[in-house]
Amino acid sequence: MLAAKKNNIFPGFGLSLGYTIVYLSLIVLIPLSAVILKTTSLTFPEFLDAVSTPRVVASYRLSFGMALLAGLINVFFGLLLAWALVRYTFFGKNIVDALVDLPFALPTAVTGIALAALYSKNGWIGKYLEPLGIAIAFTPWGVLVALIFIGLPFVVRTVQPILEEIELELEEAAGSLGANRLQAFRKVVLPILLPALLTGFALAFARAVGEYGSVIFIAGNIPMVSEITPLMIITKLEQYDYAGATAIASVMLFISMLLLLAINGLQAWTAKRTGRTR
Amino acid sequence: MSVATRFERSSATRDPAIIKALVLFLSLGFFGIFLLLPLLSVFTEALHKGFGFYLNAIAEPDTWSAIKLTLLAAGISVPLNLIFGVAASWAIAKFDFKGKHLLITLIDLPFSVSPVIAGLIFVLVFGAQGWFGGWLSDHDIRIIFAVPGIVLATIFVTFPFVARELIPLMEAQGREEEEAATVLGASGWQTFWKVTLPNIKWGLLYGVILCNARAMGEFGAVSVVSGHIRGYTNTIPLQVEILYNEYNYVAAFAVASLLALLALLTLVAKTYVEWRLKSETNAPPAIEGPL
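Keeping their order, the protein sequence lines are chains A and B. Numbering of the first sequence is given in my numbering, commencing with residue 4 and proceeding in unit increments. Numbering of the second sequence is given in my numbering, commencing with residue -9 and proceeding in unit increments.
By construction, these hints were calculated from the structure, which means they are not laboratory data. Check the hints yourself; a few may be wrong.
Covered by chain B, per the in silico footprint, the following chain A stretches (three or more residues, Cβ under 8 Å) [unchecked claim]: (1) 26 to 36; (2) 63 to 74; (3) 99 to 105; (4) 170 to 177; (5) 213 to 224; (6) 245 to 258.
Glycine included, C-beta positions come from ideal geometry on N, C-alpha and C.
Work out the full structure: start from the sequences and follow the hints.
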């Protein structure tokens, strides 16, 4: 290992790293820096004004609140689903396993119109909820439904591999030491899964905060009620208020960066706990 | 023996039948309502006025130009990000240098940016009021509200897919095989084509499949830069939106069903490649263990 480190015999280091950095800068770093530069063209009071109008603040509350709620729901059901896929044999398991990734593969606009149709008054689900006085489509709850859809695979796919690697002997030992199944789960399995559950939650949350396509069709986009933050950026752009749009974008970018740091930390913690590399 | 059968055979790890039934009921019920129903509804809504109507909706000229634009955007962005992914993973996996972790984080960056912001940044750079806006309009070049903007936004949102599959794969494979090839006199390109590429081909394909699915399905980012000019700057997902907003629901779902089919195809291909990847990495005794 050390020898390879000191005398690397491969060619192409300059070419491959150079190309990587140039392409990364052109496509990602320079365009993203435009957000920061454009934001600095505002004075600080102007910036505060743009990012704290009541309508924008209402959108933060909705976006972050529903992303949080969807993340929690997905942690619970994602764990159950991962558990079923790893620990149980049942009919159709392989198909369920493959379809868990559907939200990654299905374009968000398709998700959006499908959910809007399902939960509207005449939809398959909506028509059963309407007599109960429950409205989902075109209310904030529609946002929640869409965010649950897109977040689920993040939790399942981070928990599943960790669950697969837990040695069966651990629980056998817990059992022979007198623990019942529930105790074995709470004291042995859950602590091992905790970092993965948190990582899955953070990934789902981060995705949900920025999500656009699957949400806007079902949200109804009522000002102060069911407008998500990414939609506020679009609205400002349509009014040619580029600085305002960019100011909101910079707030979102800042929060995304914090989440990214948190996720990296959580992944390092998972790796340490389980001895996995990534 | 699969993991599940092993757990179900040992009495210490077998869940009581009632627990198993409850977990399966809750998890599969949730899966059915939240994942399966939306997928099924796309196809039933698309076909509910009959197959003839369905075909007519797809045969619309605007839909065809949307399909062509989507193929163009994916056809440019996937190969570019493929070349980038190979270059980046070669540099990261085969060499040691400072700032490697920062580089990996930066490559993943587009995944943590909202698609709307991904579109916005190109408006800020190339839009009428953007950095190059004046120069571009002097030279009569349109990027925003035109095809180049759509391609750029697509490249941005699909940027990390190939690289993030290849980097861990190539790091796990180590450098010994390439070192042996080089010592035996192979040139850099020969080593790459004959040693590295066969080793990473399934991982590469996996990245390409995911990259392509996102490229063809992206909505938010292209929506910002498109300007929604019918027959000119609409991709398939944008065409779905336009039809839907015009209350042309059956046509919207018909076009959406093409994308849903693409998604299913993607999942089938992905599952197959995952299986190949697994069987290939398991073929020799796993060298994973703690290093």
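- Item | Stated coverage of the segment 63 to 74 of chain A by chain B [criterion: 3+ residues, CB within 8 Å] | Our answer is that it is violated, as 0 residues pass the Cβ test (under 8 Å) against chain B, missing three.
ask   = Okay, the segment 245 to 258 of chain A and chain B, do three or more residues pass the C-beta test at under 8 Å?
value = Coverage by chain B holds for the segment 245 to 258 of chain A (6 residues, Cβ < 8 Å).
- Go check the segment 170 to 177 of chain A versus chain B for me, would you? Three or more residues, Cβ under 8 Å, otherwise it fails. holds (count 4)
Does the segment 26 to 36 of chain A contain three or more residues whose Cβ lies closer than 8 Å to a Cβ of chain B? It holds, with 8 qualifying residues against the three required.
Three-residue Cβ test at 8 Å for the coverage of the segment 99 to 105 of chain A by chain B:
Per the Cβ count (6), the hint holds.
Problem set entry | Per-stretch coverage check for the segment 213 to 224 of chain A, three Cβ contacts closer than 8 Å to chain B | Three-residue rule met by the segment 213 to 224 of chain A, so holds; n is 5.
Checked against the numbered hints given earlier, the structure breaks only hint 2 and satisfies all the rest.
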